[in-house]
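> Chains as they are written, first to last, in this note's numbering: chain A, -1 to 103; chain B, 1111 to 1274.
No wet-lab data here; the hints were simulated from the structure.
There could be a bad hint or two in this list.
Claimed, not checked - Covered stretches of chain A (in silico footprint by chain B; criterion: 3 or more residues with CB under 8 angstroms from a CB of chain B, positions within the stretch not fixed):
#1 16 to 22
#2 44 to 50
#3 57 to 68
#4 84 to 96
Stated by the list, open to error - Result set (DSS-like, lysine-lysine): computed pairs, CA atoms no more than 25 angstroms apart in a straight line:
#5 B:LYS1160 x A:LYS5
#6 B:LYS1176 x A:LYS48
#7 B:LYS1160 x A:LYS48
#8 A:LYS50 x B:LYS1131
#9 B:LYS1141 x B:LYS1130
#10 B:LYS1161 x A:LYS5
#11 A:LYS5 x B:LYS1130
#12 A:LYS50 x B:LYS1251
#13 B:LYS1200 x B:LYS1176
#14 A:LYS23 x B:LYS1131
#15 A:LYS48 x B:LYS1130
#16 A:LYS50 x B:LYS1160
#17 B:LYS1242 x A:LYS50
#18 A:LYS48 x B:LYS1131
#19 B:LYS1251 x A:LYS23
Said to hold, decoys possible - If you want a taste of the chain B side facing chain A, the calculated C-beta under 10 angstroms gives, among others:
#20 GLU1113
#21 GLY1125
#22 LYS1143
#23 GLU1166
#24 THR1201
#25 ILE1204
#26 GLY1252
None of the values given here were measured: they were computed from a predicted structure.
We put the beta carbon where it would ideally sit given N, CA and C, even for glycine.
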Amino acid sequence: MYHMEEKLLAIVTRIESAPIGDSDKDHLYVQVRHALQAAVAPVLVSHVPKDKLHELTHDLSSVTLDRYIQLIAGVVNAEGVMEEIEASMISVLGEIDTALLESGV
Amino acid sequence: MSEEIQSEEVKAAKGAEIRKKVSERISNWVKEKSRGIEQVDRHAFNAVKKKAVTGESPQGAANRLKSAIESGGGVVKDEAKKTKNKMLMKTLGIIASVGAFIDPEPVSKAALAATATGIGVAEKATELKAMKDARDIKKSKGLAPQDAKGAIVERILQVGNPSY
């Protein structure tokens, strides 16, 4: 199984076996999802060409989904960026893992 | 106080403790990760992302973005590189599933707010319902524990995805 999925499955397994209510488990799953989202943005922002970004910001009315896709695809397809995103996601899952461990789960 | 009530209270306290710990960890991680990134760039990026996806179907936008990235990958001939590329495509699928490219909500802000209140990242009723649905799979289909966990993982990745 793919590394990130393995990590995710391990986290879910531990949450499922935790002595807590279903609603708390559901909240934890939402947190996991948000954490994965949060792991991507900083990498994108750090690699996005600043001149292009600010050009778009100065004329927000010109921003379309196509232009955004072009911007993001350019960033993600650059050498090493995808690996960096993946490492970032694995890193945040590691934090969740540690938090569960600290809680005795 | 009955044993049952006491046990529910213990469960609730434990749940709150775990949620708070997870929330704090994520929040600190986000803060650390964002260090060195200019706030003006972050705001600019969020503004552009928000404007780009306004009025668009989140799933449609995510799919188009995923296709654009996939098609930009080029032809890979080397076998080792091919395997690596496959892994990266899988990552891309996960990213698209969690809506990280298109979600207009600044997650770090939500995570920080959650730490302040200690109740976890902002509630989203639909997401919680989706999680509940995943859990119900276990009950209704009588899945083996591992399958049920797999279904939850899948749901974490697919939640908010109308095509699921």
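> Decide, hint by hint, whether the structure agrees.
Hints, one by one, checked against the model:
1. A stretch counts as covered by a chain when three or more of its residues have a beta carbon under 8 angstroms from one of that chain; for the stretch 16 to 22 of chain A and chain B the count is 7, and the coverage holds.
2. Given as covered by chain B, the stretch 44 to 50 of chain A passes the check, having 3 residues with a CB less than 8 angstroms from a CB of that chain where 3 are the minimum.
3. Residues of the stretch 57 to 68 of chain A lying with their CB closer than 8 angstroms to a CB of chain B number 8, which satisfies the three-residue condition for coverage.
4. With 8 residues having a beta carbon nearer than 8 angstroms to a beta carbon of chain B, the stretch 84 to 96 of chain A meets the requirement of three or more and the stated coverage holds.
5. Using a Cα cut-off of 25 angstroms, the hinted pair B:LYS1160 and A:LYS5 is violated, with the two alpha carbons roughly 30 angstroms apart.
6. Proposed proximity of B:LYS1176 and A:LYS48 is supported: the alpha carbons are some 22 angstroms apart, at most 25 angstroms.
7. For the suggested pair B:LYS1160 and A:LYS48, the alpha carbons sit about 17 angstroms apart, so the restraint of at most 25 angstroms is met.
8. For a cut-off of 25 angstroms, the pair hint linking A:LYS50 to B:LYS1131 is broken: about 38 angstroms separates their Cα positions.
9. Proposed proximity of B:LYS1141 and B:LYS1130 is supported: the alpha carbons are some 16 angstroms apart, at most 25 angstroms.
10. Note on B:LYS1161 and A:LYS5: the hinted pairing is violated, with a Cα-Cα distance of about 34 angstroms set against a maximum of 25 angstroms.
11. For the hint pairing A:LYS5 with B:LYS1130, the CA-to-CA distance comes to about 21 angstroms; that is within 25 angstroms, so the pair holds.
12. Of the pairs offered as hints, the one joining A:LYS50 and B:LYS1251 is violated, with about 50 angstroms between alpha carbons and a cut-off of 25 angstroms exceeded.
13. Pair hint B:LYS1200 plus B:LYS1176 holds up; C-alpha atoms about 11 angstroms apart against a cutoff of 25 angstroms.
14. Proximity of A:LYS23 to B:LYS1131 is assessed by CA-CA distance (about 13 angstroms); at most 25 angstroms being required, the pair is judged to hold.
15. The straight-line distance between the Cα atoms of A:LYS48 and B:LYS1130 is roughly 36 angstroms, outside the 25 angstroms bound, and the hint therefore fails.
16. With a CA separation close to 16 angstroms, the supplied pair A:LYS50 and B:LYS1160 stays within the 25 angstroms bound.
17. Restraint check: the Cα-Cα separation between B:LYS1242 and A:LYS50 comes to about 42 angstroms, which exceeds 25 angstroms; the hinted pair is violated.
18. Only pairs whose Cα atoms come within 25 angstroms are accepted, and A:LYS48 paired with B:LYS1131 is rejected, the gap being roughly 35 angstroms.
19. For a cut-off of 25 angstroms, the pair hint linking B:LYS1251 to A:LYS23 stands: about 20 angstroms separates their Cα positions.
20. Hint on B:GLU1113 is violated. Least Cβ distance to chain A is approximately 15 angstroms, over the 10 angstroms limit.
21. Restraint check, B:GLY1125 versus chain A: the minimum CB separation of about 3 angstroms is within 10 angstroms; hint holds.
22. About 5 angstroms separates the beta-carbon of B:LYS1143 from the nearest beta-carbon of chain A, less than 10 angstroms, and the hint is met.
23. Look at B:GLU1166: its Cβ gets to within about 5 angstroms of chain A, closer than 10 angstroms, so that hint holds up.
24. At a threshold of 10 angstroms, the smallest CB-CB gap from B:THR1201 to chain A is about 5 angstroms, leaving the interface hint in force.
25. For B:ILE1204, the interface hint holds, the least distance from its beta-carbon to any beta-carbon of chain A being 6 angstroms, beneath 10 angstroms.
26. Interface hint at B:GLY1252: violated, since its Cβ lies 16 angstroms from the closest Cβ of chain A, which is beyond the 10 angstroms cut-off.
Violated hints, in rising order: 5, 8, 10, 12, 15, 17, 18, 20, 26; the structure is consistent with all others.
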